[in-house]
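Keeping their order, the protein sequence lines are chains A and B. Residue numbering for the first sequence follows this note's numbering, starting at 39 and increasing by one per position. Residue numbering for the second sequence follows this note's numbering, starting at 849 and increasing by one per position.
Rather than coming from a laboratory, the hints here were simulated on the basis of the structure. By construction, the Cβ of each residue, glycine as well, lies at the ideal position given by its N, Cα and C atoms. Take these hints with a grain of salt, some might be off.
Pairwise CB distance ranges (calculated) [what the hints assert, rightly or not]:
1) A:186 to B:958: 51 to 59 Å
2) B:953 to A:93: 54 to 62 Å
3) A:290 to B:1120: 45 to 53 Å
4) A:186 to B:1009: 20 to 28 Å
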Amino acid sequence: MAEPAALPEKSSYVPGGIAVSLRGVTKVYDSGVVALGPLDLEVRHGEFVSLLGPSGCGKSTALRLIAGLNAPTSGIVGVSCRTGKVRAGHSIGFVFQEPTLMPWTSVRENVRLPLKLAKMPMAESEARVNEALMQVGLSEFADAYPRELSGGMKMRVSLARAVVTDPDILLMDEPFAALDEITRFRLNNDLLSLWRNLHKTIIFVTHSVFESVYLSQRIMVMTSRPGRLSAEIRIDAPAARGEDFRTSAAYADYCRKVSNALAPSYAGQPGS
Amino acid sequence: MSSLQAPPLSTDAAKTETRGLRLVRILLPILVLAVGIMLWELLVRLENIPPYVLPGPGAVFTTLIQDWSILSRSLLTTLLTTLEGFVAAAIGGIALALVFNQSKWLEYSLFPYAVILQVTPVIAIAPLLLIYLPQQTAVIVCAWIVGFFPVLSNTTLGLNSVDRNLAGLFQLYGASRMQTLRYLKLPSALPFILGGLRIAGGLSLIGAVVAEIAAGSAGAGSGLAYRIAESGYRLNIPRMFAALLLLSVAGIVIYGLLALATHLTLRRWHESALGKEI
C-alpha cells in the first residue's frame, strides 16, 4: 500500500489551509477500467465538501485514494494534518457505506478498535471511547452487540469509531444511503452538529442531491466513467442548519441548481 | 410455525404451538426407538433366534452390565485415543491453516499433500503406520489424519472470508500482521473453525476405530473396536452389540459436546446460533 504523499510544504497545518489535495490523480484498475480522473481537488481544513455523482463515477475510489487504501495510478494525493504526520491512520477517520462493525464484539470494543490497534493503554482509551459514544448518543448501548442495534444505530457506532482517534479528516462513503429517510435526516443533523463542534474536515460522498445540499459548504459534481469534476457549487448557508433550512426556498433553489449540474452526468446512461 | 398461520394466532397460542412442535420433535424419535427395540425383542423371541446369531436387546443390555468392567476400560482407551487424535487434529489443522494464510508459497507447496492425505482411505494407511510407528502412536496418527483436514480446510475458508471493508479499516489504522490475525481474521474464522472441529470430533473416533481394528488384527490393543473384532472371533455376538452401542453413544456425546461448545461460543453474535424470532 502506498501512503499518501506529503504536501510539499510539510506539516504546514494552518486553520483554513489545504487539508487534502489531489493533483491530476487517475486510477486505472487491473481490468483496464479507467475509474477516475484526471481529478484535481483541494479541500481546506474544517471544510465540509460533498462529492456528488451517479453510481460508479469513481467517488468511492477517490475517497479510498485519499485514505491511502489504494494507490493512484498517476498524480499526487496530498494529506496534511496537525501532527504533520502523513501516516493515514492517525489523522483520517473513514466511514463506509455499510456500518462495517465486528459482529463478535460489543459496541464499546468496536469503537475502541482504532485505539487498540494504536496500542493505547486501556485506561486512556476508555475515556475516549465513552466520549465518542456520547457524541453519537449511544452511551446506553455500549455493551450491546451490533446485531442488537437498528441500522441507524449501527451507523452511529461506525461514526463514533471514526471520530474516536480525533482525526483531522473524516472521509464518508455514502454512509446513510441504506437508511430510511427519517433516520437519515436525524443522522444528517447529528453529523452537522458533530462537524460544528469538532471542527473536522469532512469529505462526504453521496448520490443524493438533497443530502449534499443540506450538509455541505461545497459540492463537487462528478461525471461518470471516468470520474471527473464537472461542476463546483458553493452552498452559502449558515453552518447551523436545521429543519427550517430544509424547507426554505434557498434550499430548493440550490437543489434545483445542483440537479441541473448533475443532469449531464446521467445523460447517455441507460434508464435516464 | 408457518408465517401464513401466524396472524390469526395470538402470541401465546403461537408459543404453545412452537413448544408443542418441539416436544413432538423430541418424542417422535424416542417413540421410533422404543418401537424398534420392541420389534427386535419380539422377533428374537418369536423366531427363537439363538443369541450367537442375533441377541435380543435385553441380552445386549445384560451383557453391557455384566461385561462393564472390560467394556468400560476399552471405552476409556478408545475415548483417550480419540481425544488425543482430535486435539492433534485441531492444533495441527488450525496451525497449518494459519501458516498457509501467512505464506502463499507454503500453501501452494503443501496443500496438495494435505488433500492426498485426506483422499487416501485411512484404513489402507493404518497397516503401514503400524509397521513404522509404535502401536499407540500409530493409532493416534490415524485419528489425526482423518480429523485434521476438515479443520484445515474450514479454517482456511474462514481466514479468507474476512469482510473486505473491515480489512480496509485495519489497513487504514496501520494494523500489524499479528493484530490483523488476532483481532480480525481469527474471530471472523471462528464459526468456520468450530464447524470444522465438529466434523473432526466424529472423524477422530472413526480414525481411532479404524486403527484399532487394523492393530487388533495384529494381536494387541484393548479399545472398543478391538473388543468388537475379538468378540466376533469368539462368536460373542451380544458383546459385539454392546461395544457397538457404546461406540455410538460415544459418537453422539462427542458431537453433542462440540455442538454445545459452538453454541456457547457463538450465541451472542453469529446467525447460526441465534433464535429465529430475531
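message: Please list, smallest to largest, the hint numbers that this structure does not respect.
response: 1 and 2
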